[in-house]
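Colleague: Kindly generate the complete structure, drawing on both the sequences and the hints.
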Amino acid sequence: MIINTTQGTVDLTQIKILHFKGVRKWLLSLSGGCDSAIICYIAAKMIIDNNWQNTVELYAMTGDSDTKPFNIKFAKQIIKKVEELTGVKFVKHFTKVIKADTTKNYTLDQLEMAYKAHKEVGWGLFWHGITENPHADPNDPQAMRLVETIEKQGPDDDRDPKDNPKPVFDTEDFPEFCNEELNLNRVHPLINLNKEGVADIYKQFGLMDNLFPITRSCEHADPILTNNFTTHCEKDCWWCWERLWGFGRIV
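Numbered as in the numbering used here, the sequence shown ends at 268 without a single skipped number.
No wet-lab data here; the hints were simulated from the structure.
Small disclaimer: the values here were computed from a predicted structure and weren't measured.
One thing to keep in mind: the hints can contain errors.
As the list claims (entries may be wrong) - SDA-like cross-link-like pairs, simulated, lysine to any residue; straight-line CA separation at most 25 Å:
| hint | residue 1 | residue 2 |
| --- | --- | --- |
| 1 | 93 | 199 |
| 2 | 106 | 94 |
| 3 | 85 | 174 |
| 4 | 42 | 126 |
| 5 | 85 | 113 |
| 6 | 97 | 267 |
Modeller: Structure representation (structure tokens):
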């Protein structure tokens, strides 16, 4: 599959090579947000487009935490919707509730979940929906607001747009949990796109009115402002600002 966007080409043809080599169990990191949701759809569409329904197995993994007690709920909605849209069924959804919510512990628990899933089902390709951050643009006040507040409110992982292009394919070996050299395949289809590029893909696939509205990007910790974490706060959250900037709407 090759997806042409306003921010460049997403070339996923290497997955056909991996399929030929027998890499036919895929694990998707699914947070319930719009990035991982479109990754979920792309993976399922690749299965349909290549008639791999009888050869590829789809799995998903999602973690909740003390301040994010909503990821699993929204991830399940996304899985259900993608199954409805494509007919592709997930074999299993791995979930875990993470007690201590520090960035380090959350990241390690996510890695441990992926590693344990590999030991259980033997997946060989990990799909991750990481995107890049908005670019600083003096002519775009919304983008500048995001750039200027990212250190206080934005993502903790490496999403620096200055380092592009980043490799779409790399490997995962889980050194924190084992000594064996696994070198499992990992794919980041959106790694060189920001939210505007992600919105472009939603529009190309006609998913703005069916898949996008059931995703949730908000990370505000107030259950009252978010109706017990069922809606977006829409005004006091870096992630809501980014969603509005990229898509032009929250839901």
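Colleague: If a hint holds in the structure, say so; if it doesn't, say that too.
Modeller: Hints, one by one, checked against the model:
| no. | hint | verdict |
| --- | --- | --- |
| 1 | 93 / 199 | 29 Å, violated |
| 2 | 106 / 94 | 13 Å, holds |
| 3 | 85 / 174 | 17 Å, holds |
| 4 | 42 / 126 | 21 Å, holds |
| 5 | 85 / 113 | 12 Å, holds |
| 6 | 97 / 267 | 21 Å, holds |
Comparing the model with each numbered hint stated earlier shows that hint 1 is the single one that does not hold.
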